[in-house]
Amino acid sequence: MKHEREVAGMRCGEVLARLSDYLDGSLAGEERVQVEAHVAACDHCARFGGVFAATVAGLRRRLSRPAALPAEHRARLARRLEGETR
Amino acid sequence: MTSSDRELLEKSARGDRGAFGEFVARHEATLWRFARALAHDEAEAEDVLQQTFVAAWRAAGELERDDGRAWLLAIARRESARLARRRGARHERERSLEELGEHAGFGDARATPEELGVRLEEEGLLEQALARLAPHEREILVLRELEGLSGAAAAELLGLSLSAEKARLHRARLALTAELRTLTHGATP
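Chains A and B supply the protein sequences, listed in that same order. Counting from 1081, one number per residue, gives the positions in the first sequence under the numbering used here. Counting from 157, one number per residue, gives the positions in the second sequence under the numbering used here.
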């Protein structure tokens, strides 16, 4: 991996592998501290971590918009179910 | 008082179409989002939706736990897989985490969170990026980020261990980051 280096006892590739766990708050105490120390001293990981977090936040915002079933689809589903016998 | 999924399906199993209609109305939006995430196109998504509710109507007496949503999502996965096999869909080679990271822009000074935040407000950009993902990547993103399933619930539905489920979610998020980068900067893997 380009730009791979070790900072605060953790390599960039190891930070990359832990970004989701970090974001989801599921990283154990010591690893969390290591990731934070690495990111504080590594420009590449700080920038990429920010882009990754912004992507996930943007996805959650977009997906949380209501997405109702279109009326014509509902009508066709109702007709299909009416024709069904058990 | 609102009936539970189990109560509605018990009535449905006795032929009560009104109860089944209530069950459909309760879950149709979730199923539609999920079907669209799994399907190749909108026509296939509608097929998945219809086949799922038809299968649910026929098997209405078979709900084991009082969780109609999880039951329907599992049926939808089977229906979608059947349609994908019929279409002859093939699995792509899985990229290493390092490859995905490079593709997603690790080490690329052009990509900044501020710039991405602005671009993400553009109508349709995220949808385009999502459409470029593999179905199993869209599926995990919809289950976890939209439907709010816990890691354990998603793992059970997908037939994965918890660690495999976490790995799939992480790879899907990286793949989405990579597709957004391709769309905004024209980068190639």
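There's no promise every hint is true.
Stated by the list, open to error - Derived pair list, reagent style DMTMM-like, types lysine to aspartate or glutamate, alpha-carbon separation capped at 25 Å: (1) B:K322 to A:D1104; (2) B:K167 to B:E178; (3) A:K1082 to B:E312; (4) B:K322 to A:E1111; (5) A:K1082 to A:E1094; (6) B:K322 to B:E278; (7) A:K1082 to B:E255; (8) A:K1082 to B:E270; (9) A:K1082 to B:E250; (10) A:K1082 to A:E1116; (11) A:K1082 to A:D1123; (12) B:K167 to B:E220.
Rather than coming from a laboratory, the hints here were simulated on the basis of the structure.
Hint check results:
no. : hint               : verdict
1   : B:K322 to A:D1104  : holds (10 Å)
2   : B:K167 to B:E178   : holds (11 Å)
3   : A:K1082 to B:E312  : violated (36 Å)
4   : B:K322 to A:E1111  : holds (17 Å)
5   : A:K1082 to A:E1094 : holds (13 Å)
6   : B:K322 to B:E278   : violated (29 Å)
7   : A:K1082 to B:E255  : holds (10 Å)
8   : A:K1082 to B:E270  : holds (23 Å)
9   : A:K1082 to B:E250  : holds (20 Å)
10  : A:K1082 to A:E1116 : holds (21 Å)
11  : A:K1082 to A:D1123 : holds (13 Å)
12  : B:K167 to B:E220   : holds (15 Å)
Hint check: violations occur at hints 3, 6; the rest are consistent with the structure.
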